[in-house]
Structure formats: structure tokens, C-alpha cells
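Undergrad: Sequence:
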Amino acid sequence: MMQLGLGLGLRQTLEQKIYLNVQQKLALKQLLLLELKHPEYPDVVKGLEGMKIADKVLKEKEVAGVLIGGLAEAVWNQRRKVEDLYQHKDVDVMVLSETSFDKFEGGVDWWLPQKGRVKVNTEYRRNESEKQWYENGNGVILSFGARGGNNLEPGLYIPDRQWVVNMREYEARAHVDENVTVGLDDNVYEKFRDHVKKKVKTRLPKFICEEFDRQIMSYQYEPNWRIVETVKLELFDLETLRGINKFKGNYVKPENLAKN
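Residue 99 in the working numbering sits at position 55 of the sequence shown, and the numbers go up by one each step.
If you are wondering where the hints come from, they were derived from the structure by calculation, not from laboratory data. Each hint should be verified, as a subset may be incorrect.
Simulated pairs of lysine to any residue, SDA-like, Cα-Cα distance not exceeding 25 Å [what the hints assert, rightly or not]:
#	residue 1	residue 2
1	K276	R247
2	K147	Q206
3	K103	R123
4	K242	D230
5	K242	N210
6	K241	K105
7	K147	G192
8	K276	D238
9	K159	D281
10	K175	I185
11	K105	C253
12	K125	Q264
13	K147	Q158
14	K241	E273
15	K243	E215
16	K292	E149
17	K100	E273
18	K90	R123
Can you build the whole structure from these sequences, using the hints too?
TA: Now the structure itself:
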């Protein structure tokens, strides 16, 4: 009887779902609209060929980089074919060390580390501190940061599935004013992550595993924790992102979720 009760209780726990009220559904809808898609640039490389070019350039410059953007999502699907990857606009790479690149060198959208003393001024917080962020050849600021990776061998690294999910969440959260948004809570973020996970599957295609052997930051394919866990994402809130853009002299239009 005890075993039956335990099994029933476990099954009931596993079957629990998150249900959102009207305000939460509106907040989720607005959050999904904030999934960022960077503009396409001329003469960019795409798909697997573009990834191979990025890997080659990084090795020539003796630095490591991480695949980000839509292609980082797309590779996480075991059924994906080589030709499918060419549907994505370009190859976005976060370069983990300070290195000189020509603008869109090799046709790759390089996101390079920058540093500066950034002021964050809000009703509740006023400070100035040293910050690191990433920007591309057109001066666009990446909506999240990252730390680590200096110990990696040169080349292009494929991030873990959960890293990609977190990346998409951090991108969206950086454009949300959580102090004024009605209905935005942990349940809404959990639904957002579920939405991303439907696109980011659990395994990589064989051709990706073969081409980027020892350059996959996932325990499914790489036992070395120094490779898997070395690059940590950094969440920027809206005010930090504004502070970075103000430091760069960029005008930032508020993108708060509408109150309801």
C-alpha cells in the first residue's frame, strides 16, 4: 500500500503543469516578442561552411570563441541536415579574448569584448563600476555578457543546450523593466524557457560532433569540465544595458513591457 501511494504521489507531481492567469499570459506574449533577431549584413557566411571559416580564423588568431545567435539554437537538433543550417542569416561568434578583427572578417559577425566604467542610475540604485560587454563591427551591444574561457584552446566552441536556453532568456530579460511589468514572475519565465526548449533539442547532428570534436561545451560530448563549464553567462538588467549604451554614446529608447 505504501508503495502504491508513493507511486501515485510521484505521478501526480510529475503531471503538474504551470497555468498562467490573464496578466501572466500577456506578460509572456510580450516577453516572446523580445526574442532578439539581429539584422543581416551583406556578404556574410552561413551554415556549416561559415562555422568552419569562423573556426579557422579563430585558430589563426589563437583565440577561442563561442557560437551564439540563431545558429547556436539550430545546431541542437540531431535530425538537422547540413543544408538546413544555411537558412539562418549569419554566423555570430562571441570572442573570449581581446583580439583585433577586421569588421566582419571572413564574413563572420564577430562580437568582441569591450570594457569601461558604466554608470547605473535608478530610483533604487546609483553606482559606477567597471563592466565588460560585447559588441559587433557595427557597434551593436550584445544583451548579455559572459566571463571565462581564457584557458580554452583556440577555435569555435558549440555551447551546451541549457547555455543556449539561458542565453535566449537573458537576451529578453535585458529589455524588460521588471519593476513596472504586471504579471511577470517565475512562472512566466518558466513558460518562456519551455518555448525556447521546443526549438533547442537535446542532441547534435553527427556532422557537428565530427567537425567540432573536443570543442563542444556539453557533458553529452565532452568529459573535460574545463571545456564544458569555463564560460559563464552574465545577465544584464535593463538599467545596466542602458548604462553601457550611454557610455558608448548611443541613444536608448525605453522598451518596457506595457502595463495592463
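Undergrad: Hints first: check each against the structure and report whether it holds.
TA: Verification of the hints:
no.	hint	result
1	K276 to R247	holds (21 Å)
2	K147 to Q206	violated (30 Å)
3	K103 to R123	violated (29 Å)
4	K242 to D230	holds (19 Å)
5	K242 to N210	holds (14 Å)
6	K241 to K105	violated (34 Å)
7	K147 to G192	holds (24 Å)
8	K276 to D238	holds (21 Å)
9	K159 to D281	holds (17 Å)
10	K175 to I185	holds (13 Å)
11	K105 to C253	holds (23 Å)
12	K125 to Q264	holds (20 Å)
13	K147 to Q158	holds (15 Å)
14	K241 to E273	holds (20 Å)
15	K243 to E215	holds (16 Å)
16	K292 to E149	holds (23 Å)
17	K100 to E273	holds (23 Å)
18	K90 to R123	holds (19 Å)
Hint compliance for this structure: hints 2, 3 and 6 are broken, all remaining hints hold.
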